[in-house]
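Respectively, the protein sequence lines represent chains A and B.
Note that the first sequence ends on residue 228 in the numbering used here; no numbers are left out.
Note that the second sequence ends on residue 516 in the numbering used here; no numbers are left out.
Rather than coming from a laboratory, the hints here were simulated on the basis of the structure.
Since we're looking at a predicted model, the values are computed, not measured.
Some clues are possibly wrong.
Some chain A residues judged to face chain B by a derived CB distance under 8 Å, without partners named [claimed, not checked]:
no.: 1; residue: Ile-34
no.: 2; residue: Glu-91
no.: 3; residue: Cys-109
no.: 4; residue: Ile-115
Think of the CB as a built atom: it goes at the ideal place given N, C-alpha and C, for glycine as much as any other residue.
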Amino acid sequence: MSKLPPIPWEGTNNNQRALKMKRAGMVVDLRRCIGCHACSIACKTENEVPLGNFRNRVRYLEQAESETLSFLPLLCMHCQDAPCLDACPTEAVTRLEDGRVVINQENCCGMKACIAACPYGAIYIDAKSGRADKCDLCTHRTSLGLEPACVASCPADALRFGDLGDPEDPLTEYANRHGARAFKESAGTQPSILYVKQEKWMEQAAATGVQLSPEDDEIVYEQNTRQS
Amino acid sequence: MNFSNAFTPFGWPIVIYLTLAGLACGATLCAVAFLHFENKAKDGQSSSIVKTSLYLAVASILIGSLFLAYDLGSSGRFYLNFLEFNPSSAIAWGTRIITIFVMLCVFSLVLLNTKGPGKPIGPVLIGLLVLFSLAVGIYPALVLGQATARPLWEPLLLIPLFLLLGIHTGFASVQLLTFNKWTEESLAKIKRLDIGIIILQVILFGLLISLTSFSSAGKERLFSGEFAIWFWVGVVLIGWALPFFTSFSASSSKKIMLLSQLCFIFGAFALRTVIVFGGQGAQAFISS
C-alpha cells in the first residue's frame, strides 16, 4: 500500500484538532433528531451543492404500527473499507490520513462506478462539472478547527463530530455510552458515521423511495422554480 | 419509463456497452474456432468468416467504448482511464484488457489480409486472442460484481452467465452476417447447441434470483413491476421460448434459423437490461 496522501492543510496553523485525528467520524443521535432539515440546508449552502443533489439528507421514515415518524439523516459514511475507493478506475476517490474518504475532482471522469458501489447512495454526479461529488465532512471547515456545517447547524445537537479512533475523545465516549452502531452493518464497510438508537426496521424503510422523483410522495426538499 | 436517477447510475449506454463487449468476445471466439478448422483443413474456406468475425469484434468493442464515453459525467476526460490506474478497480483493468484486445484483433486482421489463406495466424496469437476475448467477456460481470451492495450482481453467477450470453451473441451475430457461407450440417449442429445454451441461461438466471439475497421488493420490480415487459417479453418469450421451439422444429430453413439468431441477440440484450437495471435501485441493495 503506497503512502496515503497528506491532508491538504498540513503545515498550516490553527489545525491542531484536525491533524490529531486518527479516524474522523460522526455520531448521529436519532433520539434527538427533529427532522428539521437544517443539516441538509446548511450543507447545501456551505458546499454549494447543485439543485437536485444532496450530500446530506434527512429521511422521514414512517412507522406504521405507532403511526409516528422517525428521522434519519444520511450522508457519506466514510467507510473504513470503502467500496467506492476500490471501484474508481482513476483513483479519484482517496482516503486522507484521518480516515475520511474524499473525491479528488482532478482525477474524476464521471464513470459512476463509485455511485454503483456505494451501499448508501451517498455519491452523486455534479450536473455542472460532470464529476462525482459527496460529503467530505467539510474538510475546509475542520481544517480551521470548526465543525462540519451540518453539525454546527443542528439545533438539537443530534449530530456530533470527533475522532472515533481516539478512545478518550468525547465522541468515542458518547458512542460507547449510548451504544452507537453503523447503519446497514450488513454491508460490511465499517462506516465512520454511527447512529444512536438505530432500529432494524429503519434499513428497510430507508430503502423505499430514497430517490427524489416526481412520483415520490414524501417531502420535497427543493423545487426548481426557474423558468425554462 | 424513466430509468435515470441517483440510484441507477448505470443507464442504457452501459447496457449497450456491456452487450457489445460480450458480442466482441463471442465474435473473436467464433473467429478462433474457424481458424482452428481452417488450420486443420488448410483449404482457406473459412477465412471470410474469420475476417468478418474479427471485423465485427473490433467494431462492436469500439462502438461500445463510444457508448461508455458518452455515458461519462465528463466525457472529455475519458483519457484519464488510460493515465490513471487503480489496481483494485475492474474498470481500470478492463480498459487495459480492451486496448490489448483491439490491438490483437487488428494485428490478426492485418496478418489475414496480407498473408492470405493458409496458416497466417500462429498458435501464440490464437492463444492470446482466446485469453483476451475471454477476459473481455468476463469483464462486464466483474464491473457489476464490484458493486457488492447490489445482491443481484453476484459475480460468481454473473461471470458464467455473461460469458455465455457474450459467446452466444457473438456467434449468432457472425451467423447473421455470413449466413450464406454456412452449411446445412453446421447449422444443424448449432440448433442442438442452442437448446443447451438456452437451458444453461435459464438455470444460471434462476440461481441468480434464488441464491442471492435479492430483496422481495426487487423481485417484484423485475417480475411484475417496471421491468416485467423486458423480462417476460424480451427475455422469456423472445430470448428463450421462440429460439427454443425453433431449435426443436424439424425444419432447418435458413430463414427460421436467421430469425432464431435474431431472437437470441435481442433476448441477450433484454437479459442484460433486466440484470443491469434490476440490480440497481433503492430496493435492491437492502439485504436484510
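Against the structure, the hints come out as follows:
no.	hint	verdict
1	Ile-34	violated (24 Å)
2	Glu-91	holds (5 Å)
3	Cys-109	holds (4 Å)
4	Ile-115	holds (4 Å)
Hint 1 alone, counting from the list given before, is not met by this structure.
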